[in-house]
Amino acid sequence: MLAYAIRRVGLSLLILVVVMTAMYGMVFLVPGDPASLALGPRATPELKEVLRERMGLDQPILAQIGIFFGNVLQGDLGTDVWSKRPVLDQILEVFPRTLLLGVVALGWALALGVLLGCAAVVWRDTVVDRMLGVLSVSVISVPSFVIAIYALILFAVWLNWLPAIGAGEAGDFASQARALILPAFALGLGWVGYLARLIRASMLEVMEAPHIRTARAFGMREGDIVFRHALRVAIVPTLSVLAVGFGGILSSAVFVESVFSRPGIGTLITAAVEKRNYPVVMGTVLFMTAFYLMIVTTADLLIARLDPRVRDVLRS
Amino acid sequence: MTAVLEVQNLSVAYRMQGGALQAVRDVSLSVARGEVLGIMGESGCGKSTLAAAMINLLPAGARVGQGAVRLNGTDILRLPPAAQRALRGKSVAMVFQDPMTAFNPVLTIGRQLADFVGAHDTGLAQPERLAAMLTRVGIPDARSCLGRYPHELSGGMRQRVAIAAALLMQPDVLIADEPTTALDVTMEAQIIHLFRDLRTSFDGAIVIVTHHLGVIAELCDRVAVMYAGQVVEEGAVDAIFHDPQHPYTRALLACDPAVVDPSSGRLPTIGGRLPDLSAPPRGCAFEPRCRVAAVSCREPVPRQRPSAGRSVLCHRGAE
Numbered sequence: 001m002l003a004y005a006i007r008r009v010g011l012s013l014l015i016l017v018v019v020m021t022a023m024y025g026m027v028f029l030v031p032g033d034p035a036s037l038a039l040g041p042r043a044t045p046e047l048k049e050v051l052r053e054r055m056g057l058d059q060p061i062l063a064q065i066g067i068f069f070g071n072v073l074q075g076d077l078g079t080d081v082w083s084k085r086p087v088l089d090q091i092l093e094v095f096p097r098t099l100l101l102g103v104v105a106l107g108w109a110l111a112l113g114v115l116l117g118c119a120a121v122v123w124r125d126t127v128v129d130r131m132l133g134v135l136s137v138s139v140i141s142v143p144s145f146v147i148a149i150y151a152l153i154l155f156a157v158w159l160n161w162l163p164a165i166g167a168g169e170a171g172d173f174a175s176q177a178r179a180l181i182l183p184a185f186a187l188g189l190g191w192v193g194y195l196a197r198l199i200r201a202s203m204l205e206v207m208e209a210p211h212i213r214t215a216r217a218f219g220m221r222e223g224d225i226v227f228r229h230a231l232r233v234a235i236v237p238t239l240s241v242l243a244v245g246f247g248g249i250l251s252s253a254v255f256v257e258s259v260f261s262r263p264g265i266g267t268l269i270t271a272a273v274e275k276r277n278y279p280v281v282m283g284t285v286l287f288m289t290a291f292y293l294m295i296v297t298t299a300d301l302l303i304a305r306l307d308p309r310v311r312d313v314l315r316s
Numbered sequence: 001m002t003a004v005l006e007v008q009n010l011s012v013a014y015r016m017q018g019g020a021l022q023a024v025r026d027v028s029l030s031v032a033r034g035e036v037l038g039i040m041g042e043s044g045c046g047k048s049t050l051a052a053a054m055i056n057l058l059p060a061g062a063r064v065g066q067g068a069v070r071l072n073g074t075d076i077l078r079l080p081p082a083a084q085r086a087l088r089g090k091s092v093a094m095v096f097q098d099p100m101t102a103f104n105p106v107l108t109i110g111r112q113l114a115d116f117v118g119a120h121d122t123g124l125a126q127p128e129r130l131a132a133m134l135t136r137v138g139i140p141d142a143r144s145c146l147g148r149y150p151h152e153l154s155g156g157m158r159q160r161v162a163i164a165a166a167l168l169m170q171p172d173v174l175i176a177d178e179p180t181t182a183l184d185v186t187m188e189a190q191i192i193h194l195f196r197d198l199r200t201s202f203d204g205a206i207v208i209v210t211h212h213l214g215v216i217a218e219l220c221d222r223v224a225v226m227y228a229g230q231v232v233e234e235g236a237v238d239a240i241f242h243d244p245q246h247p248y249t250r251a252l253l254a255c256d257p258a259v260v261d262p263s264s265g266r267l268p269t270i271g272g273r274l275p276d277l278s279a280p281p282r283g284c285a286f287e288p289r290c291r292v293a294a295v296s297c298r299e300p301v302p303r304q305r306p307s308a309g310r311s312v313l314c315h316r317g318a319e
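So the protein sequences, as listed, match chains D and S.
Start counting the first sequence at 1; every next residue gets the next number (UniProt numbering).
Start counting the second sequence at 1; every next residue gets the next number (UniProt numbering).
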């Protein structure tokens, strides 16, 4: 298990280095001079030269990459061109909000999706199953920002039940929770349908297994079989999808945060791209990549824990 | 002896494109308390379908056409699903062929046994009781076995656990569908030995489905020989083995792998193949492969009863 964990983490680090190099390369492939973009059209050549030197742009490209890696290893993701604040500070300031949004969205989607997926299996090939199928596919096919806009119009503007923008008053838990409902709803809704379909498909396969026939032959209730025996087997492939999906959730969060003007990674990166604030863009993407890799690795390790067969293969 | 399980004129068919495959055709059998009935036949003769029908847990696509399965006099096929479920595991328990896949791979043995028992009586699902039953079927260190996962046990051990699970509720009938087929020879001998012990300690009826002549000879009191969905011959094991009357039974007994034909150096076989069961023949199903077949064999076959407890489905059985 330990050897497996070390191997998985090592692989993640390798991926991260490749991503960082590619990112650095991409910034230099894009036409235009970061210094003149940062200083604007009225900057003098001398000023640009000073900035280039400060950003390390006068060095050979390999040396620049080396410096970049060195800085990142020391926890320095660069400095905001406009505010002169460290990029990492800005990220850490807003990241918990995005994380909270993602976790809440995926959490309620998972709870409801598993329930509906199981319901579709218990009542398979009935009206319930077919209705759930149609509903699931419908919510999967609508992008989260469209749901966000309509949810905002309906619940915030017309019904005036929930706040339309922001993340709630600082320090006021109830206000923050109310501000979280609509974004989390919009972000998670598609996943409810997706997870329900996924659990249903995975579950139907498991329900054909001989061990389910054994459970039936011993007179277990169909509901107990589905929830106590089949779900444990069916959830394993769903977990790895969930981890990859969490990355997707975080990128959809960019749109949802924009719609609800909610501070977070999404709003940070959109603003940075608009202002050509490259250090912030690069730092944020790098941070999110690292976070994403961490989630996927954790999921792999979790699967190894949940499935005793995988666990034993790894042990030997 | 009164029958605890009685199958009466049972027919089961699988739905297929353009018709139905008649896997079990008009089978009548009964087994009494304390008795061991063997159901013998080659692959595809319908014996596993018959076993599944005995607890009305047929595979998808299979349907009972007619007939009854009476457990203590009640036709379980006519019971509402909840009442059927209440009988499964409690009054009639099943041991399946492949112990590798018969258990849930991600739950411990103890948890699964507890769930099986708990479906009927949660009070009985205590570890001590489960462990005691595992010890009874010959599992060493039963307490630690409860905490293990199925893949951590050998095939033979798993089959012991499956038998223990079936015995936990002290059912009236124990049905074992090819209980030794998936095991290697040593394990098979051990499981046969376990069943032989059960004959004395278990007071319910046992039904063993197998294609293995040795299992029948070792364990059973009576045997029903199936061919093409029908019981072609039935009787006491000694009588069938020493005086087989149906040509199919004779051919099957001659196929003992221990006997190699000295002239050809080959294992004995029965020439030809099973008839197409989507359109079963009007007459004897074995007629095309039979060495003693006559023209009259293409007519519907009467069931002959040469002696008490003996039946033969053959025009020429007595010859």
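Quick caveat, the hints were computed from the structure, so don't treat them as lab data.
Note that beta-carbon positions come from the ideal geometry of N, C-alpha and C, so glycine has one too.
Take these hints with a grain of salt, some might be off.
Just a few of them, taken from the derived set where beta-carbon distance is under 10 Å, the chain S residues facing chain D [what the hints assert, rightly or not]: (1) 119; (2) 165; (3) 170; (4) 267; (5) 271; (6) 274; (7) 280.
Dumping the calculated SDA-like pairs for lysine to any residue here, alpha-carbon to alpha-carbon at most 20 Å [stated by the list, open to error]: (8) 90(S) with 18(S); (9) 90(S) with 261(D); (10) 90(S) with 221(D); (11) 90(S) with 223(D); (12) 84(D) with 279(D); (13) 90(S) with 279(D); (14) 90(S) with 213(D); (15) 275(D) with 298(D).
Covered stretches of chain S (chain D as the covering partner; in silico rule of three or more C-beta atoms under 8 Å from a C-beta of chain D) [what the hints assert, rightly or not]: (16) 75-88; (17) 93-99; (18) 104-110.
For each hint, the structure was consulted:
The beta carbon of residue 119(S) comes within 4 Å of a beta carbon in chain D, closer than 10 Å, and the hint placing it at the interface holds. Hint on residue 165(S) holds. Least Cβ distance to chain D is approximately 7 Å, under the 10 Å limit. Given hint, residue 170(S) at the interface with chain D, is violated; its Cβ is 14 Å from that chain's nearest Cβ, farther than 10 Å. The interface hint given for residue 267(S) is broken, as the beta carbon of that residue sits about 30 Å from the closest beta carbon of chain D, more than 10 Å.
Nearest Cβ of chain D to the Cβ of residue 271(S): about 34 Å, over the 10 Å cut. The hint is violated. Interface restraint check: residue 274(S) against chain D, minimum CB-CB distance 25 Å, threshold 10 Å, status violated. For the restraint placing residue 280(S) at the interface with chain D, the shortest Cβ-Cβ distance is roughly 27 Å, beyond the 10 Å limit, so the hint is violated. Our distance criterion of 20 Å between C-alpha atoms is broken by residue 90(S) and residue 18(S), whose separation comes to about 39 Å.
Restraint check: the Cα-Cα separation between residue 90(S) and residue 261(D) comes to about 61 Å, which exceeds 20 Å; the hinted pair is violated. Of the supplied pair hints, the one linking residue 90(S) and residue 221(D) holds, its CA atoms being roughly 13 Å apart against a limit of 20 Å. Taken as a hint, the residue 90(S) and residue 223(D) pair is honoured in the structure, with Cα atoms around 19 Å apart against an allowance of 20 Å. Taking the CA atoms of residue 84(D) and residue 279(D), the gap is near 10 Å; set against the 20 Å cutoff, the hint holds.
Between the alpha carbons of residue 90(S) and residue 279(D) the distance comes to roughly 70 Å, so the proposed pair goes past 20 Å and is violated. Restraint check for residue 90(S) and residue 213(D): satisfied, since their Cα atoms lie roughly 16 Å apart, inside the 20 Å limit. Between residue 275(D) and residue 298(D) the alpha-carbon distance is near 35 Å, which puts this suggested pair outside the 20 Å criterion. With 4 residues having a beta carbon nearer than 8 Å to a beta carbon of chain D, the region 75-88 of chain S meets the requirement of three or more and the stated coverage holds.
Residue count for the region 93-99 of chain S with a Cβ under 8 Å from a Cβ of chain D: 4. That meets the three needed, and the coverage hint holds. Counting residues of the region 104-110 of chain S whose CB falls under 8 Å from any CB of chain D gives 4; the rule of at least 3 is met.
Violated hints, listed in ascending order, are 3, 4, 5, 6, 7, 8, 9, 13 and 15; each of the other numbered hints is respected by the structure.
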